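The residues making up each chain are set out below.
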Amino acid sequence: MIDFLQNWIYLTGAMALVGIGLYIVLTNTNILRIIVGLNIVDSGTNLFIVTIAWHPKSVMPIYTATNNLVVDGHVVAADPLPQSLVLTAIVIGLGTTALALAIAVKIYQKYGTLDVRKIKEEDK
Amino acid sequence: MSSLLALLLVPVTGSIVAAIIQRYRLAERLVSFSTFVVTLLFLIDIRVGDAFTWSLGFLGKNIEMGLQITPLSIFMLYMTIAFGVLLTFFDLTERSKMKSFLLLLTLAASNWIFMATDFLSFFFAWELMGWASILAIFGGRRTAESRHGALYYAMMSIGGSYSMLIGIFLLSNLTGSFSIQQNVSYLVSIMTVHPWWVLGIVSMFFVAFMVKSGIFPFHTWVPYTYGESPDGFVPYLSSVMSKYGIYGFLIFLPLTLSLRNVPGVLGLPWPNYTLVWFGSITAVVGSVLAFMQDDVKKLFAYSSFSNLGFILAAIALFTPIGLTAGLFHAFNHLLFNGAIFITVVAVISKVGITRMSEMGGLWQKMPLTFLTFFVGIASAAGIPPFAGFGSKWMIFQAMISHGLIFATVLLFFASIASFLYLMRAFHAIFLGQLSHKYDNVKEISAIGKITEVFLIGALIFFGIFPGFILDPINSIVGSFGLKPLPTSGYEYINGFFSSVNMVSIFIVVIVAFIFGFLLFAVSAKHKKVPQEDNYTAGQIPKDWNLTPEMYQFSYDFYEPMDKEIAPFLKIKIDGFFKGFGDSVEYLGSSIKEIFTGNVQIYTYLAIGGLVIFVIAGWIVW
Amino acid sequence: MKTYNFAALLVGVPLLMAFSIPLFGFISKQLAKWITVLTLTFEFLFSLYILLWHVYPFNVIMGNWVPPFGENLYIGSLATILIVVISFVGLMISIYNLWSAKYGDVVHFALLFLMFVGGSIGLISTGDIFNVFIFMEITGISSYALAAYGPERRALGGAFKYLVISSIGSTLYLFGVLLIYTQLGTLNIAEIAARISQTTPGLLTFAGILLVAGLAVEAELFPFNGWVPDTYTGAINPVSATLSGIGSVGGVYVLIRIVMTVFGKNGNFVSTYGNLDLMTLIAILGTATVVIGELSALVQTNIKKMLAYSSMAQMGLVAMAFSIGSRLGAYAGIFQLINHSIAKAMLFLILGVIVSFGGERVEDMKGLWYKSPFLAVTFTIGALSLLGLPLFGGFWSKFALVDASFQRGGWYDFIMAIVLFASVVEAFYYLKVVGYIFTSKPAVSEKIKVEISPAIPIAAFAILIIAIGIFPQIVSGISYSAAHELTDKMSGYVLNVIPTIVGH
Amino acid sequence: MVIVEFLIKLSQGFGIGALALATGLLFGGIARKIMARIQRRYGPPFTQNFMDLFKLLSKGSVSHGWAFDLGLVAGFVPMLAALMFLPIGPFTLFPSDSSLIMIVYLMMMAYLGMAMGVLASGNPNSAIGMSRALMLMAGYEVPFAAVIFSIYFFSKTGYLTQIVAMQSGGFMNWNIVKMPLGFLAVEIVLQGMLGEKPFDQAIAPAEIASGPMVELGGKYLGFGMIQHSVALFLETGIIVDLFLGGAPNFWIFIAKQFVLYFVVVLVDAILPRLRVHEATSFFWKLPLFLGILQAVIVIIQGGVLNV
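Protein chains in written order, with my numbering: chain A, 1 to 124; chain P, 1 to 621; chain B, 1 to 504; chain S, 1 to 307.
Don't read these hints as lab results, they were simulated from the structure. Remember, predicted model here, so these are calculated numbers, not experimental data. Where a beta carbon is used, it is the ideal one built from N, C-alpha and C, also for glycine. Be careful, since some hints might not be right.
[Said to hold, decoys possible] Okay, derived cross-link-like pairs now, DSS-like style, lysine-lysine, Cα gap no bigger than 30 Å in a straight line:
id, chain 1, residue 1, chain 2, residue 2
1, S, LYS55, P, LYS563
2, P, LYS572, S, LYS55
3, B, LYS441, A, LYS110
4, P, LYS578, B, LYS432
5, P, LYS483, S, LYS285
6, P, LYS528, S, LYS55
7, S, LYS156, P, LYS570
8, P, LYS592, A, LYS106
9, P, LYS525, S, LYS55
10, P, LYS350, B, LYS29
[Said to hold, decoys possible] Listed next, with one range per pair, are the computed distances between beta-carbon atoms:
id, chain 1, residue 1, chain 2, residue 2, range
11, B, ILE466, P, SER185, 34 to 42 Å
12, P, ALA521, S, ILE38, 38 to 46 Å
13, P, HIS436, B, GLU446, 16 to 24 Å
14, P, PRO217, S, LYS285, 52 to 60 Å
15, P, THR547, B, GLU446, 57 to 65 Å
16, P, ALA144, B, PHE357, 54 to 62 Å
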């Protein structure tokens with residue numbers, strides 16, 4: 001069941017996005033860039049979700065007279081479910097990003113900086 | 001059967017009541033006293049062989065739990081509860097910050113410990129006793145130090161409990177049961193096949209017992225804790241609570257009976273031999289360290305575990321005379337240590353300090369307390385005809401009958417050393433020069449006086465009629481399958497080498513005293529002079545500015561001995577535990593640095609962890 | 001398969017009420033707070049009904065889409081007891097909030113709180129592995145916002161840290177879920193659990209590692225728990241109580257559900273499919289967390305931070321208990337989770353009252369007994385319960401934990417020795433605080449007046465702790481049957497959801 | 001009948017006490033004489049101690065209160081009591097109770113009483129002297145105990161009467177032959193027990209003004225003298241019973257005691273005083289070594305007792 005590996009180019013893209021996102025998160029000290037990094041990781045995930053639904057020989061998952069979903073006992077239709085998953089994931093990613101940005105704004109107001117290294121409290 | 005439950009429920013009820021009314025000090029103390037009395041009344045109804053069982057649906061199975069009265073447990077119960085009655089009676093007028101409800105909770109736990117037939121309830125009660133006593137120790141005279149003492153005790157005690165917990169489960173996994181009896185007989189059955197297993201499991205238990213009794217090398221907490229706990233609680237701590245460990249040892253010592261035919265050291269199986277040495281070393285360490293103490297509570301803390309060393313050495317022999325001697329000494333220790341600590345508490349409550357070198361001459365102000373203390377230390381030193389002689393004498397006989405000459409000499413040295421530090425305390429507190437700042441010190445209240453008179457009476461009575469204690473001890477010895485010592489009347493102590501008729505000794509001493517006082521009366525008259533009237537022919541030049549304190553020699557009473565016992569002091573067990581604690585703390589402060597507060601570090605950690613796992617998965621793949 | 005669709009209200013009502021709270025907020029701020037209390041009372045009573053009348057185990061099936069085709073809620077014994085605990089803790093905290101939520105946007109705070117509790121209940125009851133992700137994000141987003149709430153700026157820093165780590169964690173989780181989906185083409189937990197052996201072992205291992213790593217963030221396991229101290233310290237105390245009393249319960253539940261039910265391979269001791277035994281992984285993580293948490297807590301001077309590290313350590317203990325894999329171990333884990341949830345929530349609530357009168361350093365606890373005996377006694381009860389001392393709830397769970405790990409034997413003996421050592425360390429710092437409370441004289445002699453609304457939850461928690469300590473049967477029966485659900489995945493879980501499925 | 005028996009015992013006890021006191025005083029007088037002769041003086045008559053005691057008891061004195069009185073009485077009374085259990089020649093007042101350790105502990109009670117009395121006087125010199133005496137005791141009791149225990153183990157009894165009985169039948173049965181090392185240890189210990197040089201730090205005349213006795217006068221000093229004399233008798237008597245086979249009659253008993261004491265006096269005459277801590281540690285070296293060695297030999301010989 002590893003048909004989806006046939007989409008290696010998309011998979012590589014998805015992995016690259018995740019890697020880039022993590023790299024940004026790990027190397028940038030600015031909060032906004034970190035948020036962008038997280039967003040890129042999200043995008044990578046979304047791309048991954050879409051990728052696993054499909055492989056080059058698949059057909060649309062709707063039964064019509066000409067569209068045979070099963071060929072030689074194998075299902076060749078694309079999987080419709082991940083598309084609903086990716087919608088959810090996108091929405092959640094959006095919500096998280098919005099909240100993160102709101103917090104970032106507040107942090108800038110209260111701390112006067114966006115450098116993550118400086119956002120900590122001394123023990124009192 | 002229901003009175004067995006009463007032994008648990010009465011103290012718990014009393015504890016709850018005392019906790020509720022703890023703002024009203026006298027009422028709280030009265031509740032505590034009456035709870036002890038009621039418990040004692042219930043105890044009178046209880047006979048050997050009474051049992052009560054129930055089962056607890058827990059851990060997915062029904063665990064049989066039970067209470068049972070053995071000769072040993074009824075002996076221990078009487079000791080603890082009767083002593084508690086005395087102590088709480090004395091405490092009615094005592095003003096330390098001790099919380100009575102914790103004492104009562106400890107009582108419930110201790111009753112349970114002595115009656116438990118399964119390890120589950122034994123451990124439950126043991127832990128209950130542990131934390132109740134830890135909390136009771138908070139609240140000493142000096143807050144920071146008492147906190148330190150309580151924490152030290154807590155660490156050792158909880159460490160010991162966990163060790164015991166491991167032992168319990170190692171055992172119950174082998175036998176599938178929590179019953180003490182089944183587990184012990186299982187150990188007996190595998191004793192010859194797997195001696196090292198048995199040793200390992202039993203030593204897990206022994207750590208807990210050694211901690212509780214303050215046996216070397218786990219003795220280090222004792223002075224800190226006794227020295228700093230509330231004055232009203234110290235007598236209970238040192239007289240009663242240290243005996244729990246002894247009770248624990250006695251659960252497992254019958255194992256060694258099956259080793260009697262295996263060659264050991266001097267006819268003793270090697271576990272017994274080792275424990276005898278632990279006991280002897282404890283006795284010596286306690287005595288020697290007590291030399292150096294200036295704090296009276298600490299001094300008697302050392303004295304306390306030194307005596308526990310005597311007891312352990314004796315019971316570890318597990319011969320009829322050894323067991324008898326050990327249990328007898330346990331009883332005597334309860335009495336004289338109680339007398340000593342109660343008088344010490346009385347003195348501290350009057351003078352308000354614990355440093356002995358700042359006391360002195362108090363016999364003029366507190367004569368009855370002085371006498372009680374005198375009888376107490378005479379008993380502790382093992383002087384006939386007071387209680388304490390018989391047991392020490394039997395311990396020596398028990399030891400020497402096995403040819404344990406080094407250990408016996410060590411014990412005798414500990415005994416002589418105890419005479420030294422007792423004299424020192426006696427001198428520094430009660431004798432010597434009375435400082436003017438104590439001119440207004442009064443003798444303690446009537447309740448305290450009654451307690452003290454009772455203690456004097458008990459020390460003399462049980463000194464003359466040891467048979468009243470030796471009889472129950474003989475039945476304990478019999479219940480362990482050993483042959484009890486012969487008995488020949490209440491006034492006899494029958495040892496291995498010789499027996500003593502305490503009444504005749506008492507009569508001889510009394511007659512000699514009558515003669516002495518007659519001689520005192522018929523010889524020439526004397527004249528009473530004040531304490532300043534000495535040394536300088538009655539003249540004290542004003543410009544010397546002499547004060548009584550300057551005439552008091554008690555600060556470093558045995559200073560010349562310092563050099564001789566310096567090698568002993570170099571062995572810093574205490575330092576080991578402290579250093580261990582320090583390094584744990586250092587480790588903690590290093591590990592804490594992981595959590596820097598920088599989210600990128602956390603992300604690195606998380607990603608790093610993930611990568612490590614993936615690599616690990618890859619390798620396994 | 002038993003169905004009881006009415007129970008969908010357990011998830012639906014709090015979410016519905018949460019989003020209608022702004023409407024009530026227009027009327028009165030107090031009303032918004034009371035709405036949380038009422039909603040959670042309903043939740044609590046309903047879950048109690050399910051527990052006591054033994055309605056469980058049952059499924060909630062939406063629109064006749066029977067699992068594995070439709071999304072379902074499965075409420076077995078484990079979910080029941082955890083929902084009872086969560087709704088109880090939530091109810092108590094909401095009562096506490098009547099007093100504590102005074103400043104700022106009270107209405108939205110109530111909204112977020114209710115959303116968080118509802119999300120947690122959904123997290124626990126859902127039978128769909130992707131819905132777990134959704135509910136994780138619902139609780140996540142609401143908890144980031146909750147953590148950022150408050151007058152102090154450190155709340156924002158803590159919340160941001162939580163957000164970053166948690167986002168990465170949920171991404172990892174999602175990747176794990178998707179990898180499994182590519183293999184089996186289903187998202188239903190029961191079906192995945194039944195067919196897990198049909199997957200490619202290498203990918204399965206990778207998916208398992210991703211899932212564990214992602215869920216360890218919520219379950220506070222090292223090294224994924226960097227957010228814990230900062231967030232707990234930064235958030236206001238009721239939020240810290242919520243995070244440790246409710247949030248961590250959900251986190252651990254999902255971790256255990258995934259590892260033991262989905263990946264689990266039944267045997268005397270549960271292990272997992274795939275090349276790498278995830279139970280071992282969790283045991284290592286748990287032990288490391290216990291040690292690191294306790295040692296870090298030892299040197300803290302800030303009591304809130306101390307509680308945070310202690311929370312972390314307790315979670316490690318729970319994870320370690322589950323990782324034993326036997327029924328007794330799972331039982332110990334559930335029991336310990338419940339005890340921790342109650343006791344730690346209580347401690348944070350007490351701290352909230354104390355902080356409103358003074359600082360939150362360890363020194364500020366000095367003389368609490370003289371300022372407020374009630375708080376002193378309840379704090380002591382909580383601390384002693386966490387230490388596992390008898391007469392308090394924690395004793396029984398720790399006892400069972402030790403029993404379980406010695407029954408497992410082998411290298412668990414060493415783990416247990418380490419954990420017990422860490423427990424001694426824990427005893428030290430808690431007893432130190434207890435000592436400060438009772439022995440020292442307070443720096444300021446001002447009395448702390450505990451109002452009725454914070455007093456109710458604190459007293460209720462204390463009474464519950466002692467009740468469990470004296471009658472462990474309250475929790476032990478249901479916990480033991482819940483443990484069965486984890487250790488025997490076919491008869492405990494899968495067949496209850498999909499009766500017709502054949503295990504492979 | 002009981003009363004008659006009691007009266008008989010009483011009179012016998014009185015007699016023993018008087019005998020011991022007289023012997024002790026006599027020994028003291030003779031020792032003074034010997035000492036004087038060694039130092040080329042004439043010395044006091046050997047009855048001088050009797051006269052001194054009588055004089056002291058009849059002189060008025062000062063007291064520091066009832067603890068002082070009680071302590072000094074308690075200082076010599078237990079010595080007399082202990083005497084009652086000592087086999088003196090063929091005669092023992094309470095043969096069934098002549099347990100050795102009990103006698104040792106009764107003697108300790110006398111020290112306790114004495115200490116209480118002199119310390120109650122409040123004089124710092126008494127306190128210094130007492131601390132020295134106690135430290136010395138910590139020294140010499142340890143080897144003494146080792147020897148006592150080896151005799152216990154060897155004789156398989158703790159009764160002095162039985163120990164004496166086992167040595168009957170000639171010189172070769174005496175314990176001094178069977179346990180020479182132990183005897184040597186005890187002889188050294190005796191020097192310390194009696195507080196003679198080089199172990200006279202406690203009294204230390206002219207250094208701490210006679211130490212414990214500094215505040216004593218009149219009858220109190222007399223009591224001290226009685227204590228010392230009886231202790232002398234008791235301690236030498238114990239050693240005679242332990243090692244020299246007891247005696248068939250009083251005279252031989254006293255003669256044997258005197259031999260022991262004579263050695264002590266001679267040593268006293270020629271040795272200087274040791275430092276305080278040196279005295280204590282000395283006992284923990286040679287005498288303890290001898291005692292332990294003796295014990296080891298006995299145990300190896302005797303094997304394990306059948307318990």
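Now the hints, each set against the structure:
| no. | hint | verdict |
| --- | --- | --- |
| 1 | S:LYS55 - P:LYS563 | violated (43 Å) |
| 2 | P:LYS572 - S:LYS55 | violated (56 Å) |
| 3 | B:LYS441 - A:LYS110 | violated (37 Å) |
| 4 | P:LYS578 - B:LYS432 | holds (16 Å) |
| 5 | P:LYS483 - S:LYS285 | violated (40 Å) |
| 6 | P:LYS528 - S:LYS55 | holds (20 Å) |
| 7 | S:LYS156 - P:LYS570 | violated (39 Å) |
| 8 | P:LYS592 - A:LYS106 | holds (28 Å) |
| 9 | P:LYS525 - S:LYS55 | holds (13 Å) |
| 10 | P:LYS350 - B:LYS29 | violated (61 Å) |
| 11 | B:ILE466 - P:SER185: 34 to 42 Å | holds (37 Å) |
| 12 | P:ALA521 - S:ILE38: 38 to 46 Å | holds (41 Å) |
| 13 | P:HIS436 - B:GLU446: 16 to 24 Å | violated (42 Å) |
| 14 | P:PRO217 - S:LYS285: 52 to 60 Å | violated (27 Å) |
| 15 | P:THR547 - B:GLU446: 57 to 65 Å | violated (45 Å) |
| 16 | P:ALA144 - B:PHE357: 54 to 62 Å | violated (23 Å) |
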